[in-house]
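In order, the protein sequences belong to chains A and B.
Residues 1 to 198, numbered by our numbering, are exactly what the first sequence covers, in order.
Residues 1 to 198, numbered by our numbering, are exactly what the second sequence covers, in order.
Be aware that a few hints might be false.
Stated by the list, open to error - If you anchor each label on the Cβ, the simulated ranges turn out as follows:
hint, chain 1, residue 1, chain 2, residue 2, range
1, A, T116, B, R184, 30 to 40 Å
2, B, P145, A, H33, 47 to 57 Å
3, B, R97, A, G47, 45 to 55 Å
4, A, G47, B, R133, 39 to 49 Å
5, A, R97, B, A73, 51 to 61 Å
6, B, S119, A, H33, 53 to 63 Å
7, B, M27, A, G47, 53 to 63 Å
8, B, R133, A, T96, 37 to 47 Å
9, B, P145, A, A2, 29 to 39 Å
Quick caveat, the hints were computed from the structure, so don't treat them as lab data.
Note that CB positions come from ideal geometry on N, CA and C, so glycine has one too.
Number of protein chains: 2
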Amino acid sequence: MARTPRERMVLSAAQLVRIQGVGATGMRDVVAHAEAPRGSLQHYFPGGKDQLIAEAVTWAGDYAARRVARVAAKIENPTPGKLFEAMAAQWRDEFTRDGFDGGCPLVATVADTAATSDSLREAVGKAFDGWQRPVAATLEQLGVPPVRSASLAVLMLSALEGAIVLARAHQDVAPLDTVVAELRPLLDGAVDKRRRRG
Amino acid sequence: MARTPRERMVLSAAQLVRIQGVGATGMRDVVAHAEAPRGSLQHYFPGGKDQLIAEAVTWAGDYAARRVARVAAKIENPTPGKLFEAMAAQWRDEFTRDGFDGGCPLVATVADTAATSDSLREAVGKAFDGWQRPVAATLEQLGVPPVRSASLAVLMLSALEGAIVLARAHQDVAPLDTVVAELRPLLDGAVDKRRRRG
């Protein structure tokens with residue numbers, strides 16, 4: 001299905017932010033990257049750069065959230081540790097295939113704008129929440145007691161985001177492998193066998 | 001001891017980067033923040049912005065590295081879990097006292113420049129290495145087998161950096177508390193009681 005110019009601009013903004021951050025991403029770069037008509041930016045995003053980046057952040061959060069269930073469905077004999085491994089593997093695969101140019105747009109947006117734009121910071125907060133929820137829900141489906149699922153989801157997101165930053169700094173996927181190997185026993189150990197569903 | 005204009009510029013660059021990222025931090029902002037003479041930038045940093053930011057990153061890494069031993073020395077009956085708690089507490093205290101404007105300059109520099117500047121990316125890689133080493137060494141002093149100390153240090157840095165990003169996005173220290181509570185049993189469980197020193 002062909003994307004509208006508006007959709008292309010949101011995707012391009014997310015893509016440029018995850019490569020070069022918010023500060024270096026100009027509105028003209030987004031229009032050029034999206035091959036959108038000049039002037040369409042003002043038309044579609046009357047709130048300017050903040051609105052465009054906020055929508056890019058929201059898109060990225062929705063994308064990450066949707067992938068959780070899709071990734072979980074593909075795991076054989078899924079466990080919490082395997083879920084985390086599969087989430088990290090998406091990044092591992094991308095880094096291995098495409099190099100380390102792109103990081104997480106949510107991290108870049110926090111780093112560049114948390115102190116200067118309440119609306120962007122709130123958009124990122126919502127995006128993290130929207131990603132954390134399906135992770136916690138999947139953990140519960142795998143038998144993690146509800147009282148632990150949210151905190152383990154926070155731990156998984158934190159360790160994954162930090163390891164992505166370390167991997168990019170070192171141009172090496174090893175930090176991703178390390179956090180997966182170290183967290184797997186902890187995550188799998190959180191399963192209450194009586195609660196496991198499915 | 002009074003700092004030289006050169007030192008003040010490096011510190012100001014680190015401070016501005018951790019608040020607004022690399023992209024938004026102009027050379028003039030740094031000179032103004034450091035109250036340094038105009039023109040001194042070219043004199044002290046002939047390599048321009050990349051050199052200045054690289055030195056800021058190196059300074060930030062050294063600072064984090066030096067604090068590890070200092071923080072560890074203050075813990076009563078130290079354990080790996082308490083070390084991680086103390087490292088997170090520095091951020092918790094700063095966020096509680098000063099608000100959430102400042103994040104980690106290493107994360108901001110990776111987000112903004114990893115794809116566009118090899119020299120900056122390498123500076124951040126070295127800074128992370130220089131921070132990871134004393135963490136691993138301290139873990140070994142606390143009885144963690146050498147074969148695990150580096151991977152647990154990577155896990156600690158990753159979880160801490162990710163939790164800092166989440167805390168800033170949510171304007172809430174809860175993610176820091178969560179990763180500390182979830183990782184403490186894992187970290188303390190890595191101690192081989194026969195190896196514990198001191």
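Now the hints, each set against the structure:
no., hint, result
1, A:T116 <-> B:R184: 30 to 40 Å, "34 Å, holds"
2, B:P145 <-> A:H33: 47 to 57 Å, "49 Å, holds"
3, B:R97 <-> A:G47: 45 to 55 Å, "33 Å, violated"
4, A:G47 <-> B:R133: 39 to 49 Å, "46 Å, holds"
5, A:R97 <-> B:A73: 51 to 61 Å, "45 Å, violated"
6, B:S119 <-> A:H33: 53 to 63 Å, "26 Å, violated"
7, B:M27 <-> A:G47: 53 to 63 Å, "30 Å, violated"
8, B:R133 <-> A:T96: 37 to 47 Å, "27 Å, violated"
9, B:P145 <-> A:A2: 29 to 39 Å, "56 Å, violated"
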